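Novice: Letter by letter, the chains look like this.
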Amino acid sequence: MYRRWLWPGFAFPGIVWLIILFVVPFYAVVAVAFGTVDPVLLQPVPLWNPLEWNVGWILEVLGRLAPGAEFFGVAVRTIVYVGIALFLSLLIGYPVAYYIARHAGRTKTLLLILLIAPLWINYLMRMLAWVNLLAPDGYVNRFLTFTHVLPEPRDWLGGRASTVILALVYGYIPFMILPLYAALDRIDRSHLEAARDLGASRLSTFFHVTLPLSKTGILGGAVLIALPMFGDYYTPNVVSGAPQTSMIGNQIDFYFHYGGQPTIGAALTVVLAAFLTVLMAYYLWTIHKASQEARTA
Amino acid sequence: MSTASEVQAPARLTAWSRSRGWLTNPWGRPRFLVLFTWAYMIWALVPVLIAVQFSFNDSRSRTVWQGFSTRWYWGDPVDSVWHDPSLRNALVQSLKLATADVLIATPIGVLLAIGLARWTGWGSRPSNFLMLFPLVTPEIVMGVSLLLLFTNVFTFVGTGTPAQILGHVTFSISYVVVIVRGRLFSIGRQYEEAAADLGASPTVALTRVLLPLLTPAIIASAAVVFAISIDDFVISQWLSSGGATDTVPIQIYAATRAAPLPSTNAIATVMMVLTLVSVTAGYLVWRAFTRGERRPERKAAEEAGAALQMG
Amino acid sequence: MTRHPKERLDYLSRRDFLLRTAGAATALSGASGILAACSSETTAETTTGASGEPVGPGGLPLARPDKRVTMPLWEDPIESGLEPERGGTFTVFNYPAYLYKKLLNEFCEKYDVEPQYTPFDNISSGIQRLASGAVTPDVMEMTPDNLSRAVAGELIKPLNLDYIPNLQKNVWPDLVSPFYDVDSHYTVPYTIYATGIAWRTDKVKEDIAAMAQPWDIFWEADAYRGKVGLLSEERETIGMALLRRGILDINTEDTQLIDRAVADLKQLYDVCNIKVDDIQYQAIPEGTSWLHQAWSGDMIAGYIYYLPKGTPATALGFWSPEKGKVPVQNDCWSICATTKKPVLSHLWLNYILDNGVAYSNFVDFNGYQPPLNEIDPSTLVSKGVVPEHLANSVLTNDDLGRDSLQYGTLTARGQQIWQDAYSSFTAAG
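Chains as they are written, first to last, in the working numbering: chain A, -19 to 277; chain B, 31 to 341; chain C, 167 to 595.
Any given hint could be a false lead.
What the hints assert, rightly or not - Listed below are several chain B residues computed to face chain A (Cβ distance under 10 Å; list not exhaustive):
#, residue
1, 68
2, 79
3, 100
4, 133
5, 137
6, 151
7, 153
8, 168
9, 186
10, 208
11, 244
12, 245
13, 260
Said to hold, decoys possible - Covered by chain B, according to a simulated footprint, are these stretches of chain C (three or more residues, beta-carbon under 8 Å):
#, region
14, 299 to 308
15, 405 to 414
16, 551 to 560
Treat the hints as calculated values from the structure; they're not laboratory data.
Note that the coordinates shown come from a computational prediction; the quantities given were computed from them, not determined experimentally.
Backbone N, C-alpha and C define an ideal beta-carbon position, used for all residues, glycine too.
Given only the sequences and the hints, what does the whole structure look like? Please build it.
Specialist: Take a look at the structure:
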């Protein structure tokens, strides 16, 4: 009924927009990272022709990421923080998602609303809330000293890794729980009933049926929060402010806003994006394998 | 359906998943889960409520309660949200960006959603892929790329409000597409085909049949775009050209790092209320428009679909 | 089990997605082969001039207190006698709390323009944002060590001093034509300050001034973990570590010395969880920081403006090294090349050098001394402007002489060395 060009025509404005303002900027980053530098102000001189590309800055950044060099510690620290935050998010998020998906019953709608609420509360406001609570005379310290868990107020905001990791968990966990919930919610009751019919205990059902079936949800949630977490720089700045808890995003921020060498910032961004693409490709490959298994099963 | 193979299915259990399973189900009854879930909800939401509470604090402290007062909203002649020019400007700027974002991103996104859902020819798959990419790109990568674009390529734009609007629209389009497309799938082609059978032209089928059916999704996505635009920090900060183009999240960030006053809590509360109102309104409109479609078997499928979209 | 139609379609699109990504990933990995064939360079420009002496950015000589340098004019200054522009906005680019906004508002009201204040976190960040085109202000606060870069990069405009009679009239004679900008081609002075240490006398038990090497307090501050800070300025932070070792050449480009300074600074992570920021003027009075590297105006500003009720003024302490070992400097104002209101910008420079305006900026808000003849340093304490226990924050003309220690322009290579060293410190790698 419709003309053939109608649908591509509809999609055209959006696609053009995304190409100009999403694809071209990526190319701009690459062109700057492979470009040269104006010697006076150390401002970037992008090189658009791939044949002219100068790999010096990329190699410089890769050199700094090598063990023992300047960025190695930050990179390792970022991976460690993200890894621990992911693990904790999963640990805390999975039971919550599981309960809401499978057992909530009448309170399900209310719990879903409460679950989705943090997504719509500004990330920085949630961090601000914790900065207030963790202040030397904030509620956390007051409660802990009152109950004598701590002998004296602890300095939570003085550059501690634990504070940064907990802040990351707090900030990103809602984005983990929703995919988990969606995956768990879609598991057909009949699968579980069948397992029980065959004599499996509740625990066994969980391990052998629920957990594997929710694997895509776990991976989806993990990817959904790991990717932005790797680029996070505001969380350490807000709850810590000390160099020893800085993440790789802080370095990119530094080179663009303070360091006066945007080319290094661009090169670092390219390396980070490449690293994340590898992670992303791994996730997609796993999904692909899982879907293939599911189809042959 | 082979139940035996389902039960045997994948399970290569590591000690890790085993111990985690134990943790989540030690007594085989959901009581632990209930407590755990509510404890999580409290942990997730109470800090924000406390921050809101302290925005009404009568003193400069954000940690010691000294009485109720609205001075940080409009009372204090120097530092309140109403009187402090930097806070007020930030509020105005946030609303400006969000409104522009909704007005630009929603039409583009709706068209893109319809186009991608129906297009099956060459180019549809790369386009689909391209549309999904902004959803998984870390914001700092987008911020860097847009900053370099506007200062090295499209230098006539530069940084500032136009750049911020362009940046916001770029990441918002994908959200609109995902929401509208979900709705398109649940509608299916049946209504347009019925209209065609009854003699409607393609234009009529689109405007009189499809678009009204899409209205709840359009409004919901507008509400979502408004909310994510207001809450955006990274893109706004990277494309900001200084004082006048700072948005509320940027102000909150700067104040939290230096020395926040309860006025920071106040402006954050204002933003939060606006966002929640917007999202709630969108959701209520969606429910109102889809009232007739809400029969039991559809409801389950729709909720799952909606949750998946948001995840 | 049949799938719900919506699930099936979602499933389909995800498979498309993953197939496309796999394709893209393989394409990207193939690109690395091309990269290997490309050129590779990261060096900055040459750093010695024709006579073999080190030169700074743009080939300009390196200014030092005992080596006067005249900045070349890259364009002609505006003509004299023009009328100031009106309407629109007037943007000031400066540190966040370094100018009394009330004075800016009064100036803008007089000329019927709208005031805008764009802050930068530190001077390097400001130069960076100006150079990248991210901001387009009218006037900018400048430091002498960044002047060559700004001039060579054509970021600031030459001045027509006919519009700025207050320079000759009010400013200390030595600074009317300073060593870094002979004949004031580009800048006028703003404030003078020294770099030292600020602390809360009621929280820090040590008598810092009495220590053999007071800078060592940072390395002995484990009792104050999480409450210790350094300035987020690449020159000042590394310079402090050099001074602590007794190295007085704070413009050195010797990589060994700088590397050792950075290694010393990195010890501070474990010692006291060191923080790096520029908010000491507020953090020390409010008690969120107890020990911080600071400028001499910070505690005066803290006393004037940021001290909460109930905290005594004597809680603020400041120390800076003796003459010859203390980094001093004067900040300046300059006009940005991006300005659309050059005449008004000149008038702003004249306005800020007005005795009344500068004095109000100093005692009502800023805390940083302006180098004006009418503001006699010796009477500041007796008049009660500066509290007695902070008398060491006051500077005199003497302090900025030929043998003073000032951060000056570095060669391009030196600039990179210091920047990379500072980045290494803040990366905590």
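Novice: May I ask which of the numbered hints given earlier this structure violates, with the numbers listed in increasing order?
Specialist: 3, 4, 9, 10, 11, 12, 15 and 16
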